[in-house]
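Asks: In the order they appear, the protein sequences are chains A, B and C. Residue 492, in numbering that gives the first Met the number 0, is where the first sequence stops; the numbers in between run on with no holes. Residue 125, in numbering that gives the first Met the number 0, is where the second sequence stops; the numbers in between run on with no holes. Residue 440, in numbering that gives the first Met the number 0, is where the third sequence stops; the numbers in between run on with no holes.
In case anyone wonders, no lab produced these hints; they're calculated from the structure. Small disclaimer: the values here were computed from a predicted structure and weren't measured. Be aware that a few hints might be false.
Among the chain A residues that face chain C by a calculated CB cut under 10 Å, a handful are [as the list claims (entries may be wrong)]:
| # | residue |
| --- | --- |
| 1 | 73 |
| 2 | 293 |
| 3 | 423 |
Beta carbons: idealized from backbone N, C-alpha and C, even for Gly.
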Amino acid sequence: MTPDGAPPLREAAHNRRRLLMERSRPGREGVTLPASDAPPQPMPDAAMLRDGLELPEVTEGEVVRYFTHLSQLNFSVDTNFYPLGSCTMKYNPKVNEAVAALPGFALAHPAQPERQVQGALEALFRLQTFLQEVSGLPAVSLAPLAGAQGELAGVLTLRAALEARGEGRRRKMLIPDTAHGTNPASAAMAGFQVVHVPSDSGGDIDLGAVRAEADGDIAGVMFTQPTTLGLFDRNALEMCRVVHEAGGLVYADGANMNALLGRAKLGQMGFDVVHMNLHKTFSTPHGGGGPGAGPICVSAELAPFLPGPVAVRRDDGSYGSETPARSIGRVGGAQGNFGVLIRALSYITLLGADGMLDVSGNAVLNANYLLAKLRPLYDLPFDRPVMHEVVFSARKRPGATALDVSKRLLDHGFHAPTMYFPLVVPEALMIEPTETESKETLDAFVEALHRIDAEAAADESFLHGAPYDAPVSRLDEARAARRPELRWREPEA
Amino acid sequence: MSVPEDRRYSKEHEWALAEPDGLILVGITDVAQHELGDVVYVELPAIGERVAQHAKMGEIESVKAVSELFSPLSGEVADVNADLKDNPELVNESPYENGWIIRVKPDDVSELGALLDAPAYAALTE
Amino acid sequence: MSGAPFTSPFIPNTGDDRAAMLAAVGAASVEDLFADIPEAFRHPGLGLPAPTPEMGLRAEMEALAQRNFHAGEHPIFLGAGVYRHFCPAVVAPLVTRGEFLTSYTPYQPEVSQGTLQGTFEFQTLTAQLFGMEVSNAGMYDGATSLAEAVLMACRVTKRARAAVLDTVNPNYLAVIRAYAQPHGIEVYETDPAAPQLLPETACLVSQYPNFFGCFEDSQAFADLAHEQGALCVMSCDPTALALFRPPGDFGADIATGEGQALGVPPSFGGPYVGIFTCRQEHVRQLPGRIAGRTVDAEGRVGYVLTLQPREQHIRRERATSNICTSTALVALWAAVYLALMGKHGLRRVAELCWQKSHYAASRIADLPGYSLPLTGTFFQEFVVSCPAPPSEIGAALERAGIIGGLDVSDRFPNGMLLCVTETNTRAEIDRLVDALAEAAR
Numbered sequence: 000m001t002p003d004g005a006p007p008l009r010e011a012a013h014n015r016r017r018l019l020m021e022r023s024r025p026g027r028e029g030v031t032l033p034a035s036d037a038p039p040q041p042m043p044d045a046a047m048l049r050d051g052l053e054l055p056e057v058t059e060g061e062v063v064r065y066f067t068h069l070s071q072l073n074f075s076v077d078t079n080f081y082p083l084g085s086c087t088m089k090y091n092p093k094v095n096e097a098v099a100a101l102p103g104f105a106l107a108h109p110a111q112p113e114r115q116v117q118g119a120l121e122a123l124f125r126l127q128t129f130l131q132e133v134s135g136l137p138a139v140s141l142a143p144l145a146g147a148q149g150e151l152a153g154v155l156t157l158r159a160a161l162e163a164r165g166e167g168r169r170r171k172m173l174i175p176d177t178a179h180g181t182n183p184a185s186a187a188m189a190g191f192q193v194v195h196v197p198s199d200s201g202g203d204i205d206l207g208a209v210r211a212e213a214d215g216d217i218a219g220v221m222f223t224q225p226t227t228l229g230l231f232d233r234n235a236l237e238m239c240r241v242v243h244e245a246g247g248l249v250y251a252d253g254a255n256m257n258a259l260l261g262r263a264k265l266g267q268m269g270f271d272v273v274h275m276n277l278h279k280t281f282s283t284p285h286g287g288g289g290p291g292a293g294p295i296c297v298s299a300e301l302a303p304f305l306p307g308p309v310a311v312r313r314d315d316g317s318y319g320s321e322t323p324a325r326s327i328g329r330v331g332g333a334q335g336n337f338g339v340l341i342r343a344l345s346y347i348t349l350l351g352a353d354g355m356l357d358v359s360g361n362a363v364l365n366a367n368y369l370l371a372k373l374r375p376l377y378d379l380p381f382d383r384p385v386m387h388e389v390v391f392s393a394r395k396r397p398g399a400t401a402l403d404v405s406k407r408l409l410d411h412g413f414h415a416p417t418m419y420f421p422l423v424v425p426e427a428l429m430i431e432p433t434e435t436e437s438k439e440t441l442d443a444f445v446e447a448l449h450r451i452d453a454e455a456a457a458d459e460s461f462l463h464g465a466p467y468d469a470p471v472s473r474l475d476e477a478r479a480a481r482r483p484e485l486r487w488r489e490p491e492a
Numbered sequence: 000m001s002v003p004e005d006r007r008y009s010k011e012h013e014w015a016l017a018e019p020d021g022l023i024l025v026g027i028t029d030v031a032q033h034e035l036g037d038v039v040y041v042e043l044p045a046i047g048e049r050v051a052q053h054a055k056m057g058e059i060e061s062v063k064a065v066s067e068l069f070s071p072l073s074g075e076v077a078d079v080n081a082d083l084k085d086n087p088e089l090v091n092e093s094p095y096e097n098g099w100i101i102r103v104k105p106d107d108v109s110e111l112g113a114l115l116d117a118p119a120y121a122a123l124t125e
Numbered sequence: 000m001s002g003a004p005f006t007s008p009f010i011p012n013t014g015d016d017r018a019a020m021l022a023a024v025g026a027a028s029v030e031d032l033f034a035d036i037p038e039a040f041r042h043p044g045l046g047l048p049a050p051t052p053e054m055g056l057r058a059e060m061e062a063l064a065q066r067n068f069h070a071g072e073h074p075i076f077l078g079a080g081v082y083r084h085f086c087p088a089v090v091a092p093l094v095t096r097g098e099f100l101t102s103y104t105p106y107q108p109e110v111s112q113g114t115l116q117g118t119f120e121f122q123t124l125t126a127q128l129f130g131m132e133v134s135n136a137g138m139y140d141g142a143t144s145l146a147e148a149v150l151m152a153c154r155v156t157k158r159a160r161a162a163v164l165d166t167v168n169p170n171y172l173a174v175i176r177a178y179a180q181p182h183g184i185e186v187y188e189t190d191p192a193a194p195q196l197l198p199e200t201a202c203l204v205s206q207y208p209n210f211f212g213c214f215e216d217s218q219a220f221a222d223l224a225h226e227q228g229a230l231c232v233m234s235c236d237p238t239a240l241a242l243f244r245p246p247g248d249f250g251a252d253i254a255t256g257e258g259q260a261l262g263v264p265p266s267f268g269g270p271y272v273g274i275f276t277c278r279q280e281h282v283r284q285l286p287g288r289i290a291g292r293t294v295d296a297e298g299r300v301g302y303v304l305t306l307q308p309r310e311q312h313i314r315r316e317r318a319t320s321n322i323c324t325s326t327a328l329v330a331l332w333a334a335v336y337l338a339l340m341g342k343h344g345l346r347r348v349a350e351l352c353w354q355k356s357h358y359a360a361s362r363i364a365d366l367p368g369y370s371l372p373l374t375g376t377f378f379q380e381f382v383v384s385c386p387a388p389p390s391e392i393g394a395a396l397e398r399a400g401i402i403g404g405l406d407v408s409d410r411f412p413n414g415m416l417l418c419v420t421e422t423n424t425r426a427e428i429d430r431l432v433d434a435l436a437e438a439a440r
């Protein structure tokens with residue numbers, strides 16, 4: 000307690016985080032609305048109306064202060080180095096926001112007739128052309144609303160192509176043990192049976208295992224290139240050949256496309272479908288968990304099955320929106336996440352071809368620099384140059400598990416790497432610096448990890464209590480899951 | 000880790016204990032609960048449902064993992080531990096007593112003989 | 000061109016930095032780092048335009064944007080699932096603060112409390128608005144929410160058929176079909192006037208109000224579903240729920256909605272947020288992220304992502320859905336909008352929509368050649384039978400500087416689905432009426 004008997008400061012901090020319903024006071028308003036300017040109309044039958052609506056009563060000023068305070072409890076790319084592996088947390092240019100907010104884009108309605116939205120359709124068509132060029136594949140659908148939905152749409156397209164070949168019975172989808180969880184989940188949602196394939200001792204896919212599964216039941220393989228180990232898989236070419244020879248098709252998860260911009264085109268290396276995460280590679284902000292966009296690029300054989308709508312340029316130079324002839328159908332209610340697509344178009348236009356090479360070159364250089372600098376601290380499961388990210392194992396020091404190191408990094412003002420993924424590396428720390436970080440930032444990050452290691456060496460239990468300086472300490476996740484409180488409820492009297 | 004002598008064990012880390020009324024009490028072992036970490040949810044079979052030896056009978060979730068539960072013997076589910084719904088932590092706190100999972104009316108009690116005894120299970124989990 | 004080499008404003012490494020870093024790495028050049036890419040495929044050439052500086056970019060994008068005939072410059076009477084509503088100026092600057100905009104999914108809860116608590120607010124406010132027990136953190140959009148609801152109903156009931164009323168948004172039905180087909184789920188349509196459920200149907204899906212703006216007998220749908228052991232699934236317009244009975248009142252088991260209506264710009268189709276609510280008993284079958292309240296090591300209240308074993312990163316091919324990145328920022332937008340609108344404001348918005356749309360409908364019904372083919376109670380949208388094909392009427396409206404309604408002539412002869420919200424002034428409505436009269440001549 001404070002000397003005058005006021006609540007302790009901790010309680011004051013808690014008060015700043017009171018929920019909207021806890022702040023609500025009858026009679027407060029957050030907005031003024033006009034009276035109807037039309038002649039009054041009879042209201043609906045009272046039996047159809049609801050009894051009371053439990054929403055907060057708060058003022059605009061309070062909403063601003065509350066959500067501003069909440070925002071300040073977040074780490075973000077705008078405030079912190081955010082080396083979250085496989086998430087490509089690069090700087091998100093602000094001009095993209097301004098472009099997406101232009102009234103001509105933000106207020107265009109998806110159901111307007113084509114002739115009223117020529118600008119929007121041309122923008123989509125341009126982005127399709129750019130993504131074709133980046134992927135080396137001739138057809139694109141911008142419809143998928145996020146990476147995982149791109150995966151689902153991609154494997155459904157692949158499945159439709161197999162059916163068109165009269166090979167619809169094929170059920171096996173090979174998935175490497177390093178894959179993101181979305182890959183097997185998407186394959187299962189598309190009706191495939193997931194077969195896991197191991198990596199070999201060099202960190203590449205085990206070709207023997209692929210060959211063993213390459214029979215008449217193989218539908219394809221879902222493969223991330225570069226892999227989640229941060230490596231360019233040297234067996235991928237041969238893997239594509241084996242799968243194609245067995246009658247399957249090859250899907251590329253393009254989550255790690257940042258490393259390949261202008262360096263290689265997946266479509267030229269045997270992949271039939273590639274999805275891209277515009278919220279990773281093409282700088283659209285991640286928003287604390289979306290929105291994203293997951294366009295898919297496909298070979299000519301798969302093009303007729305793409306999800307709609309797809310933007311087209313007609314012979315008269317006008318733009319249209321069409322659903323391909325034998326489309327797998329719709330994956331969203333409207334035209335795709337246009338606001339995200341327009342940000343990516345803006346980014347690619349800003350950087351152009353030269354800028355794309357600059358992105359991949361510096362992203363890969365930064366990752367290899369961290370590899371070189373951190374090698375003395377951690378085990379490196381595969382000792383070879385990496386692409387956009389590097390995966391270490393923090394198994395050397397029991398007082399500094401991947402979790403401990405991650406939590407202590409927060410105290411140093413750095414977001415944690417991705418931890419415990421990929422699953423094949425024990426105590427994995429997956430670090431992706433991106434091209435938008437400076438050498439000074441990387442050096443400070445390396446310095447912090449050295450200090451953390453020294454702390455663990457001095458006191459084996461010290462890191463277990465981290466973070467010490469974050470808005471909250473380690474949270475009781477077991478309690479949250481055992482007795483889920485998923486919304487505010489009126490306290491019982 | 001404790002491995003009581005009074006019951007039998009499966010390689011999938013379930014235990015089975017014959018009760019005086021002929022029913023078999025089933026749970027997971029101390030080793031299993033320790034490996035899982037904080038148990039947050041147990042998906043139980045329905046009373047009356049059939050279970051088969053070494054076949055899936057439910058699932059058990061910790062904060063960031065999920066494992067299948069395998070029945071150590073065949074029979075009909077006679078009872079389930081309803082306390083686990085609100086207090087799944089009983090599996091961690093008392094895996095051999097209050098944290099039991101189901102009670103089975105066995106088809107053939109001799110199936111227990113095919114399970115491991117305590118020393119054999121302890122050796123398996125060394 | 001000046002001939003100056005391209006320098007990205009987003010990349011800090013200088014030539015000296017690169018040299019020092021390459022030395023640390025032990026590589027001679029950046030190109031050497033790509034040696035694992037087979038030489039035949041390396042550096043294939045990238046046929047993209049040259050870089051465009053920000054000034055040029057803005058000019059280029061503004062030129063594109065201006066080629067749209069849009070609601071910023073013209074009155075709009077088009078809805079069909081995407082609605083123009085007033086949004087207070089305060090929402091955008093709060094939600095697009097960099098700390099919200101540029102953070103990732105809250106995998107480290109200690110430094111993501113802002114996103115997590117915002118998500119918890121979204122869950123609270125949507126559950127209350129829908130009169131349902133629980134809500135998740137949001138799906139991609141209203142259509143995918145409904146499709147996921149169908150998949151969830153099949154998991155809960157262990158059945159593989161879904162009945163969808165033929166008055167549900169056709170785009171939503173298309174998404175349901177795309178999601179259901181690979182699971183072998185049979186999706187069939189049924190008539191809301193006399194709905195029939197086949198045996199082993201997992202759910203009856205309705206829309207509230209329906210695609211043509213009208214309310215139907217939702218209680219009868221819920222009762223029919225429950226009599227047959229199926230779930231009642233309702234896709235609801237959130238604005239309508241401020242005035243009309245919420246789905247929880249009818250006993251809906253799963254209720255979804257398009258969160259775009261909560262002040263989110265139409266943005267030619269997205270990003271939006273799908274609302275997904277259900278009964279508490281089905282919570283472990285929910286798809287997607289869920290935030291939960293807990294405490295930290297010192298007993299302070301905090302929030303985490305919870306019930307994670309349902310999700311793809313843990314259960315992988317056995318997950319309840321593959322969804323990962325969703326639309327958290329749009330959910331936050333909706334939460335801030337709901338906070339500001341609050342108990343009275345949102346109801347006022349709904350009343351304005353009712354008043355103005357009914358005024359518009361009554362005026363149009365009086366026009367020679369126009370009629371209202373539907374008689375049910377509608378909220379903010381209604382079908383008009385036009386004296387000429389709606390495409391022609393729409394073109395005439397466009398010439399008069401108005402964005403007209405959706406062509407629904409496949410369902411109603413010369414039918415046009417018009418929408419009037421609180422953003423349409425009486426003067427705009429009168430202009431629309433005059434333009435329709437003119438188009439009929």
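Asks: Now look at each hint and say whether the structure bears it out.
Replies: Evaluation of the provided hints:
no. : hint : in the structure
1   : 73   : holds, 4 Å
2   : 293  : holds, 8 Å
3   : 423  : violated, 14 Å
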